[in-house]
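Given next are the chains, with one letter for each unit.
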Amino acid sequence: MQKDIEYVIEPTEKKFLNFAVLWQYRELFYFFTWRDIKIKYKQTALGFLWAILQPLLMMTIFTLFFGRALNIPSQNLPYPVYVFSGLLIWNIFSTGLNNAANSMVNNASIIKKIYFPRLIVPVSSILVALFDFLMALILFIGILIFYQQPVSWTIFFYWPMAILFSIIATLGLGSWLAALNVKYRDFRYVIPFLIQVLFFLTPVIYPISLLKYPLLQYALATSPMYIAVEFFRLPLTGTLPNMDFVWISLASNVIFLLIGVIYFRRTEDFFADFA
Amino acid sequence: MKPILEIQNISKKFRISHQTGGYLSLRERMVNALKFEKNSTEDFWALKDVSFEVQAGESIGIIGRNGAGKSTLLKILSKITPPTQGKIISRGRIASLLEVGTGFHPELTGRENIFLNGSLLGMKRKEIESKFDEIVDFSGVEKFLDTPLKHYSSGMQLRLAFAVAAFLEPEILIIDEVLAVGDAEFQKKCLGKMEDVSKSGRTILFVSHNLPSLKAICTKGFLLDKGILVKQGEIENVINAYTYDRTGYYKILDSIKHSGTHGKVNNVKINGSDQSHVLLLESKSIHLDVDITFNRKTAFELQVHVKKDDVLVCSFARFVTGSTQIFEPMRYNLEYDIELPDLRSGRYKLDIFFTEPFVALFARSENDVQLEFVNEGHHVFLNTPAYNWWGSVLLEGKMKYNLIGES
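Residue numbers (the numbering used here), protein chains in the order written: chain A, 149 to 423; chain B, 5 to 411.
None of these hints come from the bench; they were simulated from the model.
Be a bit skeptical, because a hint or two may be false.
Straight-line C-alpha distance at most 27 Å; calculated DSS-like pairs for lysine-lysine [stated by the list, open to error]:
1) B:261 x B:197
2) A:260 x A:360
3) B:235 x A:188
4) A:331 x B:91
5) B:197 x A:188
6) A:186 x B:261
7) B:147 x B:83
8) B:128 x A:190
9) A:188 x B:230
10) B:312 x B:235
11) A:260 x B:301
12) A:260 x B:154
13) A:260 x B:52
14) B:230 x B:197
15) B:311 x A:260
16) B:193 x B:147
17) A:186 x B:128
18) B:235 x B:128
19) B:230 x A:186
20) B:83 x A:260
21) A:260 x B:128
22) B:130 x B:147
23) B:130 x A:190
24) A:331 x B:219
25) B:219 x B:353
26) A:260 x B:17
27) B:301 x B:261
28) B:17 x A:331
29) B:268 x B:301
30) B:6 x B:193
31) A:188 x B:130
32) B:17 x B:130
33) B:17 x B:235
34) A:331 x B:83
35) A:260 x B:230
36) A:186 x B:154
37) B:147 x A:190
38) B:6 x B:224
On a predicted model such as this, the values are computed, not experimentally measured, just so you know.
Based on the sequences and whatever the hints tell you, model everything.
And the structure:
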């Protein structure tokens, strides 16, 4: 028996993150992620293959419509490589955001009955998206080899950074929407729409230079995912993006993280009352 | 030694909105912000200024009517919802069991669910692995460990869920009415396990309506009523206060729970009164007036059980002797005269069942009607409430004697 435990339960205090408690419950990250991955592919004949098939089918469609038909420039990359690289990193965001935003509502029955740091729920649901990403990444490496695409060694710096930024972007918006969704179920209907809009506002399937007006380019750089997409592609194209855009996107990335996590933390105590 | 749990002036307020059906909608929020009139919300205090202390190793029973604030108290203790005011100091790890099988997922196998549920309850993976065999053994579902949970019967799911929970080892264990389900045998097993836990020196807080099991497991009791802690002390005394407290408070009709649309009970009177407390002085008969509407042709029977300390003493059921009456789908007033046996003085409970025997039980009143029987003739020495020496029914008997000879 540990005798020296002593803690206090009080009316909500303002707090940002309590890493000690998150660390104490670290195994739950694993269990929630593991559960969601298991459930996602249970009773599917193709199983994990779906994680690869989805971006592959999207790539084919975009290649046919935007690459062939509209002839959108692709920074000297074969258009399938260009699109797939964008979609791959984008899918962390879109799948993760969708999972995270609905995660609190989907786990309401657990939240009402058991205490644990609530942030574990949206974070784990984003880790599920990361798992899909890693599966699809294997395919992408195959595509790179198929197209004999030269790759810079900076890949070992930029790819982890791109993944990190996409997770931060997803966590920021995701935890914010998750908290809002508990209180106002309206957000359930906003989320798919929001993801769709952000998809076209982020240079995923077209280069930002396609836009003729510099002001518009600045506006698009405020997408928190811009930096992730650019960094992911950088080792392939070899062209450095406009550093202004990178900083703007980084700032937006961090701001959304702060807003999201702070709002989540400030409301999480009452999730059990609303959910 | 310092108490393991200090609850200091805990209050919890809920805001009840009279417009929305449950959760808020953004539109309503915005519309209300534009309106000048006050939002029609009402504050509701689920707990008001509750303070108590628990010493390590005590097992506490928390009693109270529905809506008394028991579950809210447990939720605050398990950190699921914060108190509005006050604070709690805990000097031990709290694990709470507000529901069995939280987080169970129908698509996962039994094995997978053990790990998920165990980890949600605060067990480490290694801990679960080391106890895995015991858990499986206790649950008795080893054959189906790798079958998805959705193929389990609800009894099996419950067994598995309780088995995981039974192997929790926190300093403080919080349990909310989890034993209300499951078959009698399994309930017994669970209660046995809980007695073991309390004897092993851990602290238990237990909410239940099952008074005998509270009596068996707990040493101290707390009685909550409308959010206020009204009594604490020896479990026996608290239970007595609770059962006494419930008398004469409401109408019999309010305690009747309907199920299905077979019929509707409009009113019930016992000896001319519609209150749930019936006092019998000397008289041994009760007169029931039942105002009832049948929605279809019904072979209606009223059954009455008289219980003492959850033990059935006697019952009234005419259909047992084969005299059932068939009623048309209309409204009736039925009158019953029931002769009670020679009961000892004391408090009894009446359970009333409105049934079509073997077809439907469409309304019932359980544990809510109190029958206080004062048998004046034996009052002097038989009315000893603390200990029941003589059972509930007084037997008639005769004695004869013959003188045989000198000693």
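Check: Any hints this thing doesn't respect? Which numbers, in order?
Finding: 1, 2, 3, 5, 6, 7, 9, 11, 14, 15, 18, 19, 24, 30, 32
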